[in-house]
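J.: Line by line, the protein sequences are chains A and B. Sequential numbering from 1 applies to the first sequence in my numbering. Sequential numbering from 1 applies to the second sequence in my numbering.
Please keep in mind that the hints were generated in silico from the structure rather than gathered at the bench. Wrong hints could be hidden among the right ones.
[What the hints assert, rightly or not] Covered by chain B, according to a simulated footprint, are these stretches of chain A (three or more residues, beta-carbon under 8 Å):
#, segment
1, 212–222
2, 268–275
[Said to hold, decoys possible] Under the rule of at most 30 Å between Cα atoms (straight-line distance), these lysine-lysine pairs were calculated in the DSBU-like manner:
#, chain 1, residue 1, chain 2, residue 2
3, A, 328, B, 178
4, B, 172, A, 35
5, A, 241, B, 100
6, B, 220, B, 94
7, B, 172, B, 220
8, A, 296, B, 100
9, A, 190, A, 207
10, A, 146, A, 182
11, B, 172, A, 197
12, A, 59, B, 223
13, A, 190, A, 241
14, A, 193, A, 207
15, A, 59, A, 35
16, A, 207, B, 223
17, B, 100, A, 97
18, B, 223, A, 97
19, B, 100, A, 328
20, B, 10, A, 59
21, B, 223, B, 18
22, B, 178, A, 35
23, A, 59, A, 328
24, B, 178, A, 97
25, B, 220, A, 197
Positions of the beta carbon are idealized from the N, C-alpha and C atoms, including for glycine.
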Amino acid sequence: MNIPKLIPVGDPSAETFTINLGPQHPATHGVLRVKLEMDGEFIVNAQPVPGYIHRMHEKMGENRTYAQYLPNTSRIDYLSAMTYTHAFVGAVEKAAKIEVPLRAEYIRVITSELNRISSHLVGWGAWIMDLGGFTPILYAFDDREKILDLLEAITGSRLTYCYYRFGGVCDDVDQDFIDGSKAFVPYMRKRMKMYKKLVTGNIIFRKRVEGIGPISAEMCRKYGACGPVLRGSGVNYDVRKAEPYSIYNQFDFDIPVYNECDSLARYLVRMDEIEQSLRIIEQACAKIPEGPFQGKVPRVLKLPVGDTCFATECGRGRLLIRITSDGKEEAYRIRLRTPCFTNLSLFEEASQGMMLADAISLMASLDLVIPDIDR
Amino acid sequence: MSSSIEQLAKEFEPLAVKEMVQLPPALVPKPAPAPKPAAAPAAPSVVGLDLASSRSVAVPAGPSAAPAAPAPAPKPAAAKPAPAPVAPPPPLPKPVQIWKFEDKGLHLEVTVEPAHVVAAAEIMDRAGYAIDAVTGMDWPTQGLLEVIYDFLHFQTGERVAYRARIARNDPKIATISKVFPGADWHERETHDFFGIDFIGHRDLSPFMLPDDATYHPLLKDFKA
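Modelling step: build the complete structure from the supplied sequences, incorporating the hints.
T.: What follows is the structure, given as structure tokens:
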């Protein structure tokens with residue numbers, strides 16, 4: 001789809017000036033710096049400068065065993081840590097051909113989807129706060145707290161979970177968790193109705209997002225954009241459907257897709273995804289079988305020689321982990337291809353000619369988590 | 001799925017390397033040879049563990065024994081009794097290799113001549129693929145650096161990767177960021193971590209690393 005630029009770039013011969021957005025700025029959602037070349041209120045060029053909290057997770061993967069590396073993966077995108085550990089345990093299980101009991105898969109799906117909702121809630125609240133509305137983030141954190149309480153009861157942590165293990169999960173869930181998750185579904189549905197009234201239909205919000213920050217499907221392809229950004233551009237791609245992992249092919253859920261390519265489309269995708277996650281949780285809680293929660297795993301885990309790729313759909317999009325093993329206890333190389341990295345890489349092109357305040361809206365619609373970019 | 005992948009494999013054929021180098025074991029994605037290479041003596045105990053006893057609970061999606069297997073793969077059961085003391089080198093992988101997705105997370109893997117990476121990217125572009133990632137890999141004992149390009153298709157879900165191997169002492173390769181602008185950042189990061197010089201890249205200044213960084217941390221001989 002070819003989208004015309006809504007606002008023309010100013011006369012290039014005119015005098016421009018350079019300003020910094022960040023690295024310490026609330027609207028960058030973390031330690032991200034954007035070098036802005038401005039022509040008045042219009043952006044001539046916006047160059048993100050990441051790397052302020054680079055920790056070299058990929059190198060750490062070469063120096064520790066697979067089990068030791070597992071907690072690292074939840075620190076990459078701290079808002080959807082479950083899905084990140086899921087990608088890593090999935091990659092190792094695929095390479096070592098470890099079987100996971102069905103109950104563990106159900107637990108993984110429930111916790112991953114709960115985590116996805118909490119991740120979207122933060123993105124949602126923070127976005128609207130960027131646009132000047134303070135109330136929604138308080139509501140979002142209130143609801144998110146319910147999820148965190150549920151997850152804390154079974155994992156022991158509130159943010160950087162290390163709950164999944166190779167071959168299963170580290171501890172079984174109790175009936176309280178299942179009941180709590182079941183009860184959360186109708187509660188969240190009621191809240192979503194309220195959110196719609198509060199924000200989605202709000203005229204000020206609509207003016208700030210409708211038609212703002214167009215990202216075409218072609219641009220997504222060229223940059224490898226993923227997640228809600230991609231689905232807001234009319235591309236029906238979700239790793240859970242395209243490369244079904246775990247037991248996602250056993251659930252009935254839809255991929256929300258919007259063709260408008262603007263910030264509002266990305267917003268609506270996220271809101272609809274919360275509903276789809278609720279559907280998955282509902283089905284999983286109804287069907288979760290009894291049985292073991294941990295499969296058999298060798299005491300010393302060594303992967304067979306070669307490459308293995310494994311992708312999961314995280315809150316922000318496609319996370320690909322490529323493990324190269326040379327048969328030792330540590331990986332020879334671990335490659336983390338993270339969603340925010342590719343989503344932010346198109347910001348420079350997408351933001352050209354926008355007004356600065358709109359670029360903030362565009363950046364918030366990418367739902368960035370900076371440690372995910374820097375790794 | 002398979003027809004388009006086979007067609008792509010044909011298109012890649014002229015770009016692929018004529019001869020595969022004898023590569024380190026980790027590089028050889030072996031199609032399960034009967035004798036295990038000596039480098040992985042513990043592999044059988046890992047792979048073969050409890051797989052023979054059939055479990056009622058099957059894990060992920062897809063049939064585990066799909067029909068369209070290109071390589072004959074008599075997997076763990078056959079490998080178990082034969083940990084040869086001096087294993088013969090595993091057979092060289094094919095330059096154009098079609099994989100079963102369930103095994104590798106890939107449908108097609110190609111090793112191309114370093115001179116042809118841009119042409120390969122153009123093939124991917126024409127076929128409607130999206131860029132997934134670009135990354136590097138260091139093989140100091142072989143004196144090689146490897147650049148790996150990952151692609152995916154939004155509509156079919158197919159995954160293709162191609163690799164190019166370049167000399168470690170003169171790591172230069174053309175940029176594909178003119179074809180896929182998304183490669184810009186990936187290549188810049190790869191330059192950071194491996195010191196690979198992407199010819200034609202607009203800006204290879206440090207990206208993730210500090211501005212004054214002169215080191216490349218993902219090289220195996222890097223000392224902090």
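J.: Does each hint hold? Answer for all of them.
T.: Hints, one by one, checked against the model:
no.: 1; hint: 212–222; verdict: holds (count 3)
no.: 2; hint: 268–275; verdict: violated (count 0)
no.: 3; hint: 328/A with 178/B; verdict: violated, 38 Å
no.: 4; hint: 172/B with 35/A; verdict: holds, 29 Å
no.: 5; hint: 241/A with 100/B; verdict: holds, 18 Å
no.: 6; hint: 220/B with 94/B; verdict: holds, 26 Å
no.: 7; hint: 172/B with 220/B; verdict: holds, 18 Å
no.: 8; hint: 296/A with 100/B; verdict: holds, 25 Å
no.: 9; hint: 190/A with 207/A; verdict: holds, 26 Å
no.: 10; hint: 146/A with 182/A; verdict: holds, 12 Å
no.: 11; hint: 172/B with 197/A; verdict: violated, 56 Å
no.: 12; hint: 59/A with 223/B; verdict: holds, 11 Å
no.: 13; hint: 190/A with 241/A; verdict: holds, 27 Å
no.: 14; hint: 193/A with 207/A; verdict: holds, 21 Å
no.: 15; hint: 59/A with 35/A; verdict: holds, 28 Å
no.: 16; hint: 207/A with 223/B; verdict: violated, 53 Å
no.: 17; hint: 100/B with 97/A; verdict: holds, 14 Å
no.: 18; hint: 223/B with 97/A; verdict: violated, 34 Å
no.: 19; hint: 100/B with 328/A; verdict: holds, 24 Å
no.: 20; hint: 10/B with 59/A; verdict: violated, 36 Å
no.: 21; hint: 223/B with 18/B; verdict: violated, 36 Å
no.: 22; hint: 178/B with 35/A; verdict: holds, 22 Å
no.: 23; hint: 59/A with 328/A; verdict: holds, 16 Å
no.: 24; hint: 178/B with 97/A; verdict: violated, 39 Å
no.: 25; hint: 220/B with 197/A; verdict: violated, 56 Å
This entry does not satisfy hints 2, 3, 11, 16, 18, 20, 21, 24 and 25, going by the numbered hints stated previously.
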